[in-house]
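Engineer: Read off the chains here:
Protein chains: 2
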Amino acid sequence: MIDSVKYENGKLYIIDQTKLPTILEVLEIDDIKDCWDAIKQLKVRGAPAIGIAAAYGVVLGTRNADESSFEGFYTEFKKASEYLASSRPTAVNLFWALERMDRTVLENKALAVKEIKELLEKEAILIHEEDAETCRRIGENGLEVLKDGMTVLTHCNAGRLATAKYGTALAPIYVGKERGINIKVFADETRPLLQGARLTAFELQEAGVDVTLITDNMAAMVMSKGWIDAVIVGCDRVAANGDTANKIGTYGVALLAKAHNIPFYIAGPLSTIDLNTLTGKDIPIEEREPSEIINGFGKQTAPTDIKVFNPAFDVTPNELITGIITEKGIARPPYNVSLKELFDK
Amino acid sequence: MIDSVKYENGKLYIIDQTKLPTILEVLEIDDIKDCWDAIKQLKVRGAPAIGIAAAYGVVLGTRNADESSFEGFYTEFKKASEYLASSRPTAVNLFWALERMDRTVLENKALAVKEIKELLEKEAILIHEEDAETCRRIGENGLEVLKDGMTVLTHCNAGRLATAKYGTALAPIYVGKERGINIKVFADETRPLLQGARLTAFELQEAGVDVTLITDNMAAMVMSKGWIDAVIVGCDRVAANGDTANKIGTYGVALLAKAHNIPFYIAGPLSTIDLNTLTGKDIPIEEREPSEIINGFGKQTAPTDIKVFNPAFDVTPNELITGIITEKGIARPPYNVSLKELFDK
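Here the protein sequences come in this chain order: B and E. With my numbering, letter number 158 in the first sequence gets 255, and the count goes up by one each step, no holes. With my numbering, letter number 304 in the second sequence gets 401, and the count goes up by one each step, no holes.
It cannot be assumed that every hint is accurate.
One copy or two, it doesn't matter: identical chains are merged, so the pair holds either way.
DSS-like cross-link-like pairs, simulated, lysine-lysine; straight-line CA separation at most 30 Å [as the list claims (entries may be wrong)]:
no.: 1; residue 1: K140; residue 2: K219
no.: 2; residue 1: K404; residue 2: K274
no.: 3; residue 1: K219; residue 2: K425
no.: 4; residue 1: K404; residue 2: K116
no.: 5; residue 1: K355; residue 2: K322
no.: 6; residue 1: K396; residue 2: K116
no.: 7; residue 1: K219; residue 2: K378
no.: 8; residue 1: K140; residue 2: K103
It should be emphasised that the hints constitute simulated quantities derived from the structure, not laboratory data. As the structure is a prediction and not an experimental result, all values here were calculated from the model.
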């Protein structure tokens, strides 16, 4: 499978995820504006992939920056960074990646700007490479709570398309498959943008995983039939107390899992855990255009001018979360203790 | 607003609900095959409207039947009735209407077949007229649990398009509006066929009701914000113990309502309550084509040949239901007592 994000010869290549599953198109990006558009329009999406793309976006946006003085360069750098930060407010990996790039600049301010630029490119590549390794470890840790033959329900797409490799929520499925541990998946289609139908179903089918597609409102019935052993979803931001922002609908799935005594896991890298955000109430929730619901797929499916509420994310309170699977292990309640411990590991 | 079902000069006219909200097309039907197709393909849908259409379908299907002997006629009548019964398995109103038609035939077997045919037409018209009155009473009874300024969440369409008039779940909204009691509505879009987006949003907007459209997976978040005072949905079949089959997703909404301490009501005519069905386990659940999920919006949104689970209904267990609003009053738990009492009223 082609990588969701690739960097080669100074250019960024991303799979245009808005066109999947019918069209597999790779966009060539060598300009920060196109990178911003790609993030904003969800051509690249998934918290880790957004972070990777933004890091490369900084490289593209500062490549031609003034090299005569550090101050001049840093002004241009900050402008590029702030521009990219404005693309999507909820996923913390975006800000995490931009901060790593900022640190790289500040820690090397004594060097020539030309050298700083080279270090920025190296840092972006490092963020990218680390993510693949992080996801593999999330997969290994996730396998602690899964067994061969189990069935997992997932929401949205936290698979390889959302990351450098393996994904987060789907990492245990992929790593398991490499080891002969077969886990079946039910994928919520995930309205309005159908990441589950378009992306999760696509990538799991392509990998030969047994995947069944349902609409979001079928999850409760599927659970009541006893078909689901665990729910695993990704995350866009985990607060210090474990409250987790993820794709709209996640909170509902967590409530349904609780009602059916099914364990509910969040999977994500430490870069998605934001100890500076104390609780879910402090996470800004992006609201998107009504057209995604009224006219989502080139066909009008609701009256013109109908009032619409279209939040892109919701927050699942920590008490509904059985565990948070990270590259350093699985955090368990109380999260305000266990999450900090993971960072100190 | 045009009636969802109309019968005039021996012809059946139905709004093709598959084309709403963008195209308002009225189909002229004078043939039982077209009536079967209209029910099967959800051109006419909603349990009460299906019952009405099926009653007229019997009239159309027996109009040219043999008049030389009762036995010959009754054979043709049964064939027509069984054919219509095969269109959709879950909604009990279909069978209820066909039984009323059967009773009309058997109670008048001494008459000339020509006269029986006239009585069948009268009975179908009566079923139709009674439904409008029934819905008005459901609306009045529903207002007992609502107050001016409240907000209701509903799922699928149990409005005037699903019935002769007023609807069932939406009847309190319409009857309330006539009386100056304004109730706001959140409408789940209701995948896969989007009856909430296409029909509920459409008919409420047309009637001047304050309606907000959400995707199914936003219901939990909307409830958590404290925006919802009550959930009211329709029903396709209520078992003797109160277990209720309704559009897929209803069970999930009921669980979410319980988690947020929001009362959850079913609204429907007594004809939807089937005391011969003891519990929800005895209700057959229709499964529909994968194409509704893969290709639902006229555009392919999931991989070709992806495995799909597509039940049209789910069953909400009685313990999640605060009350069942009927034309004879609101049944409360325990339903195996209260539902029987309503029939005896």
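Engineer: To test your reading of the hints: which numbers does this structure violate?
Structural biologist: 7
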